[in-house]
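For reference, the chains in residue letters:
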Amino acid sequence: MLAGEGLQPTSKGVRVHFAGKNRTVTDGPFAETKELIAGYWIWRVNSLQEAIEWAKRCPNPTGEEGQLEIRQIFEIEDFGQAATPEIREQERRLREQSKQLITQSK
Amino acid sequence: MRFMVMVKATKNSEAGVMPRQELMREMGKFNEELV
Numbered sequence: 000m001l002a003g004e005g006l007q008p009t010s011k012g013v014r015v016h017f018a019g020k021n022r023t024v025t026d027g028p029f030a031e032t033k034e035l036i037a038g039y040w041i042w043r044v045n046s047l048q049e050a051i052e053w054a055k056r057c058p059n060p061t062g063e064e065g066q067l068e069i070r071q072i073f074e075i076e077d078f079g080q081a082a083t084p085e086i087r088e089q090e091r092r093l094r095e096q097s098k099q100l101i102t103q104s105k
Numbered sequence: 000m001r002f003m004v005m006v007k008a009t010k011n012s013e014a015g016v017m018p019r020q021e022l023m024r025e026m027g028k029f030n031e032e033l034v
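Chains as they are written, first to last, in numbering that gives the first Met the number 0: chain A, 0 to 105; chain B, 0 to 34.
These aren't lab readings, by the way, just hints derived from the structure by calculation.
Hints may contain errors.
To be verified - Distance condition first, Cα-Cα at most 25 Å in a straight line; then the derived DSS-like pairs of lysine-lysine: (1) B:K10 to A:K11; (2) A:K55 to B:K28; (3) B:K28 to B:K7; (4) A:K11 to B:K7; (5) B:K7 to A:K33; (6) A:K33 to B:K10; (7) A:K11 to B:K28; (8) A:K11 to A:K33; (9) A:K20 to A:K55; (10) A:K55 to B:K10.
This one's a predicted model, so the numbers in the text were calculated from it and none came from an experiment.
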């Protein structure tokens, strides 16, 4: 596990809607429970199959019928040519800096 | 490879129903194994 957090209910959240140059802020709660997320983990594993095996062993997080959705994270390599050497260096530096921030904030 | 594993919301989670001690303990054990 690289990270994991619980998210507070959408009654405390907002959405920022992007349309052209416009930004609209809408307060929660949001009605479509099926589309909402209550928490997440980030895992480093060798395959989707391994992630599935771990997910099946998870204690049911919400205490009622529920779902986990598993999505692979893009690595910088996946962006190919669009990720220029400058961008890759910046990405490396930003990750390093944010790691420091995480250590300091605990 | 990295994956994000998302816990989908439920009526309980949206109502702010907090996890009971037993679930917190089981989740702690699970997170130990994950790490």
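Evaluated hints:
no. : hint           : result
1   : B:K10 to A:K11 : holds, 15 Å
2   : A:K55 to B:K28 : holds, 14 Å
3   : B:K28 to B:K7  : holds, 21 Å
4   : A:K11 to B:K7  : holds, 17 Å
5   : B:K7 to A:K33  : holds, 7 Å
6   : A:K33 to B:K10 : holds, 9 Å
7   : A:K11 to B:K28 : violated, 29 Å
8   : A:K11 to A:K33 : holds, 17 Å
9   : A:K20 to A:K55 : violated, 43 Å
10  : A:K55 to B:K10 : holds, 21 Å
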